[in-house]
Each structure stands twice: as structure tokens, then as C-alpha cells.
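Visitor: So the chains spell out like this:
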Amino acid sequence: MTGASKGVTFDSIREGDWIEPLVKGEIRKEMLVEYGEAALDGNPMHTDDEFARDAGYPGVFAQGMLSMGFLSQFVVDRFGAGTLKRIKVRFARLTWPGEIITCKARCTKKTSQSGQKLLELDIHTENQEGEQKVVGTATVRLPEEPSGKAQGKKGLLLTL
Amino acid sequence: MADKSLIGKETPTVVAEVLAEETIQFAKALGDLNPLYVDEDAARESPFGSLLAPPTFPVTLAAGNMDPDLFFELGLNFASIVHGEQEFEYLRPLKVGEKVTLKGRVADITEKEGRSGVLDVVVLETTGYDHKGEKIFIARMTLLSKRM
Chain A
92 MTGASKGVTF DSIREGDWIE PLVKGEIRKE MLVEYGEAAL DGNPMHTDDE FARDAGYPGV
152 FAQGMLSMGF LSQFVVDRFG AGTLKRIKVR FARLTWPGEI ITCKARCTKK TSQSGQKLLE
212 LDIHTENQEG EQKVVGTATV RLPEEPSGKA QGKKGLLLTL
Chain B
39 MADKSLIGKE TPTVVAEVLA EETIQFAKAL GDLNPLYVDE DAARESPFGS LLAPPTFPVT
99 LAAGNMDPDL FFELGLNFAS IVHGEQEFEY LRPLKVGEKV TLKGRVADIT EKEGRSGVLD
159 VVVLETTGYD HKGEKIFIAR MTLLSKRM
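Line order of the protein sequences matches chains A and B.
Residues in the first sequence are numbered from 92 upward in steps of one, following our numbering.
Residues in the second sequence are numbered from 39 upward in steps of one, following our numbering.
Excised from the complex, chain A in its bound form (with noise of 0.2 angstroms):
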């Protein structure tokens, strides 16, 4: 799960590619209950199946921000701890429990200026029919030096 052993370097990296993706696979009511709770999310929507259909809905649905820790955590694995500058989504369309949720991200623009490198990258989670839900952009900045250096015992992206 590390940017390095990927191969993901601000040189390797063009800018049109699309990154590896990241499977975050199933989407379970159990793990609406857990996010909402570690969360402090307490909405019935995402917890509780009549609820939701009491508001329209055919049941229970995920929240927006597990998709966005889905992707904060890809940008991560992909690139290091601490290379994450900013990130920014549009929860588009709900996540059912039952989905399986892949982040997908392409790299849009790569800049080196005053000893800053920086990607700007257009980020999403899907489900297996390749319908966005969760959209947005991200930026990256990567260290000096390249990530294979940096790489500690066990198989970290390090990033100062």
C-alpha cells in the first residue's frame, strides 16, 4: 500500500495518467454503523433502514465523508503521508450498501516551481458499473528527493 513500491514518482508520473486504482470493495451496513460512530455521525439515514425509507429513501446509504476517507486513504497509499495539500469533493450521488467502490484519480497537471512539486489530480470513487459518486480534485506535493529513498523497513512512503 505504498506510493513507492508502485512506482508513483513525480518524474514517472505524466500528466493524463491515471493512477493506480484503489478497490475499497463491498459496502456493508456494518461499516455505515462503525464510520458512523467513529465519526460522530449519529444520522439515522446511514444507520437505521426505516428511517430512510420514512424519508423516501430504499434504505439505509453511506455517508458522503466514509467515500471521501476512501480517497483521502488511496492519495495516501499512492503518494505518502504528508503529500496531501488539499482536497476538495462533491458527494454526487449516494453509496448503497451492496456497491463495490473503487477510487479512481488522473493526474491533471504537474507543476515544479520554486523547489515545490506539485500534482493536481481529478479524483473519484465509482461503483462496478462505473457510475461516480463521490467527485472531486486533490493536490499533491512531493518530496525532493525520489520516494524510493525515502521508503523506511516497512515499505512506508516517509515524506518531510
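Warning: the hint list may mix true and false statements.
[Stated by the list, open to error] Straight-line Cα separation of at most 25 angstroms, BS3-like style, residue types lysine-lysine; simulated pairs:
{"no.": "1", "chain 1": "A", "residue 1": "K176", "chain 2": "B", "residue 2": "K66"}
{"no.": "2", "chain 1": "A", "residue 1": "K176", "chain 2": "B", "residue 2": "K170"}
{"no.": "3", "chain 1": "B", "residue 1": "K47", "chain 2": "B", "residue 2": "K133"}
{"no.": "4", "chain 1": "B", "residue 1": "K141", "chain 2": "B", "residue 2": "K42"}
Simulated from the structure, these hints should not be mistaken for lab results.
Keeping the supplied structure of chain A fixed, place chain B upon it in accordance with the hints.
Guide: Okay, now just chain B, sitting in the frame of chain A:
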């Protein structure tokens, strides 16, 4: 409808401690077992020197310290509030053990035409500062609410 005179209104400043039990629980709830979040020894040996909070964890800090009166004042339709967008800017990673000063404000109030009528759009901004008064992160939450 949302009261635009509230733009710029600041919410009471609160101090929140970043606790390992909470950040680890949060990481696990995301299925994110990055050792920097869950392995205290690995984290201590890393250049960061301590466990890190996952990047979206600040939303939990803000949630635990939300000002309920503000929602009433904003005149939002509680039955239809939707989290429309979220943004984070990071000056540096947030570390476990930090005591973060949270300063919130109403950054913007606008409206837009939705399929079923007018939506009030409110942006709440929360900035987290460390014990030296340096910015750690800025979070912007966009809420949508169907006008009653």
C-alpha cells in the same frame, strides 16, 4: 430562508484533543490500516515521530464541537440538510496528542435552483490551530437545504 447577514459570523472557539483511541477507531472504520495511523511503534520511528490522524479526521473534531445554535440561526430546513461538498487544506499532517484550537465561521451563504425548488447553500469553515497558534488545517463544509 438562510440569513445572509450571518456571513462572517464566528462560532465559539473550542479546543479539542486528538486522541489515539478515536483516530485508530476512525482509521479502522475506513478500513485504512496504514501503520502511521494504527501502529504506535512504527509511527514513533517515522519522521513524523508520532501517530497521525487520517486526513478526514478533522471532520470528527468539528462534529464533536459543533455549535447547535448556529443551525437554528441559519434558518436551515433540518429535514432536508444535505452535505453537498467538503474540502480540506492541510498545512501539515495532524498528529495524535495535539490539542487543536478550532475556530469556525460562516464563510458564505448563497442559493441555487434545484430540480425541486430553491436550495440554500451554506459554507461553514473551520480552521484548526496548534498550541503555537500555527494553522494545521482548514475545513470547508458545504451544506444544502431545501427552502421551506
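Visitor: Each hint should be assessed against the structure and marked as holding or not.
Guide: Okay, the hints, checked on the actual structure:
1. For a cut-off of 25 angstroms, the pair hint linking K176 (chain A) to K66 (chain B) stands: about 23 angstroms separates their Cα positions.
2. Of the supplied pair hints, the one linking K176 (chain A) and K170 (chain B) holds, its CA atoms being roughly 21 angstroms apart against a limit of 25 angstroms.
3. Restraint check: the Cα-Cα separation between K47 (chain B) and K133 (chain B) comes to about 29 angstroms, which exceeds 25 angstroms; the hinted pair is violated.
4. A hinted pair counts as satisfied when its Cα atoms are at most 25 angstroms apart, and K141 (chain B) with K42 (chain B) qualifies at roughly 20 angstroms.
Hint compliance for this structure: hint 3 is the single one not met.
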